[in-house]
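Q: Take a look at the letters that make up each chain.
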Amino acid sequence: DGGITQSPKYLFRKEGQNVTLSCEQNLNHDAMYWYRQDPGQGLRLIYYSQIVNDFQKGDIAEGYSVSREKKESFPLTVTSAQKNPTAFYLCASRAPGGRNEQFFGPGTRLTVL
Amino acid sequence: AQSVTQLDSQVPVFEEAPVELRCNYSSSVSVYLFWYVQYPNQGLQLLLKYLSGSTLVKGINGFEAEFNKSQTSFHLRKPSVHISDTAEYFCAVSDLKRGSARQLTFGSGTQLTVLP
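Each protein sequence line maps, in turn, to chains E and D.
Following our numbering, the numbering of the first sequence begins with 1 at its first residue and continues without gaps.
Following our numbering, the numbering of the second sequence begins with 1 at its first residue and continues without gaps.
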């Protein structure tokens, strides 16, 4: 089955620690995205990548970093510089050509203790 | 830049009643329009999308939406809801500009609660 996997589903972190969220897709999509979801605020774009070895900041990139060394993988690191990291994080990839729809993973809920 | 406004944060409705979830958008360029559904602690699932052509779009689970360019709206409707439709619904837009990253801009979501 093709799809997007995110791990872990739940993650706990102490203040001051960096943590990396995994996102893998086997849909052969070039474009991938990271969103942050907070209650009542919808989803906000953190970073996106349109091709391997290239990525761009989204609307709320401060305190986050990404890499795109392989087409299938787009990990997100939440650094200690992120002031309020507790949130639900969603990874997505976009179908090529004119379809333009994004497919989402199941999400990772990060809680900072 | 685009923006999306979902006018109702909470919509309670009785089972088998009709429902409309409202979405208005703002953009200086042409856009694609989407509705996604999210069940608790899960990712988003595409309900339907408008790219071009007929302004009435049918999606999964009996939902449909109508694109109204003059009113910049894309309201979601279902003639008869079920308990299983209880979820959060997100409207989103993506621009059509050549070379853009096609990222989605989301509304703040509408929680649909279907009551027995």
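I should point out that these hints are in silico values taken from the structure, not numbers from a laboratory.
Remember, predicted model here, so these are calculated numbers, not experimental data.
Any given hint might turn out to be false.
As the list claims (entries may be wrong) - Part of the chain D face toward chain E, derived, beta carbon under 10 Å:
| # | residue |
| --- | --- |
| 1 | ARG22 |
| 2 | PHE34 |
| 3 | LEU44 |
| 4 | GLN45 |
| 5 | LEU46 |
| 6 | LYS69 |
| 7 | SER70 |
| 8 | ILE83 |
| 9 | SER84 |
| 10 | THR86 |
| 11 | PHE90 |
| 12 | LEU96 |
| 13 | LEU104 |
| 14 | PHE106 |
| 15 | GLY109 |
Cβ coordinates follow ideal geometry from the N, Cα and C atoms, glycine included.
Q: All the hints need checking, so say for each whether the structure fits it.
A: To see whether the hints hold, each was checked on the structure:
1. Given hint, ARG22 of chain D at the interface with chain E, is violated; its Cβ is 15 Å from that chain's nearest Cβ, farther than 10 Å.
2. Hint on PHE34 of chain D holds. Least Cβ distance to chain E is approximately 7 Å, under the 10 Å limit.
3. Residue-level restraint check for LEU44 of chain D holds (minimum Cβ-Cβ distance to chain E is 4 Å; threshold 10 Å).
4. At a threshold of 10 Å, the smallest CB-CB gap from GLN45 of chain D to chain E is about 7 Å, leaving the interface hint in force.
5. Interface hint at LEU46 of chain D: satisfied, since its Cβ lies 6 Å from the closest Cβ of chain E, which is below the 10 Å cut-off.
6. Hint on LYS69 of chain D is violated. Least Cβ distance to chain E is approximately 18 Å, over the 10 Å limit.
7. Against a cut-off of 10 Å between C-beta atoms, the interface hint on SER70 of chain D is violated, since the closest Cβ of chain E lies about 23 Å away.
8. With a cut of 10 Å, the hint placing ILE83 of chain D at the interface with chain E is violated, because the nearest CB-to-CB distance is about 22 Å.
9. Evaluation of the SER84 of chain D hint against chain E yields a violated restraint, the C-beta minimum of about 19 Å exceeding 10 Å.
10. With 10 Å as the threshold, the beta carbon of THR86 of chain D stays out of range of chain E, its nearest partner Cβ sitting at about 17 Å, so the hint is violated.
11. Hint on PHE90 of chain D holds. Least Cβ distance to chain E is approximately 6 Å, under the 10 Å limit.
12. A distance limit of 10 Å between C-beta atoms decides the matter here; for LEU96 of chain D the minimum to chain E is near 9 Å, and the interface restraint holds.
13. Annotation: interface hint on LEU104 of chain D holds; nearest CB of chain E at approximately 6 Å, less than 10 Å.
14. This hint holds: PHE106 of chain D has a C-beta 4 Å from the nearest C-beta of chain E, less than the 10 Å allowed.
15. At a threshold of 10 Å, the smallest CB-CB gap from GLY109 of chain D to chain E is about 5 Å, leaving the interface hint in force.
Against the hints set out earlier in the document, violations occur for numbers 1, 6, 7, 8, 9, 10.
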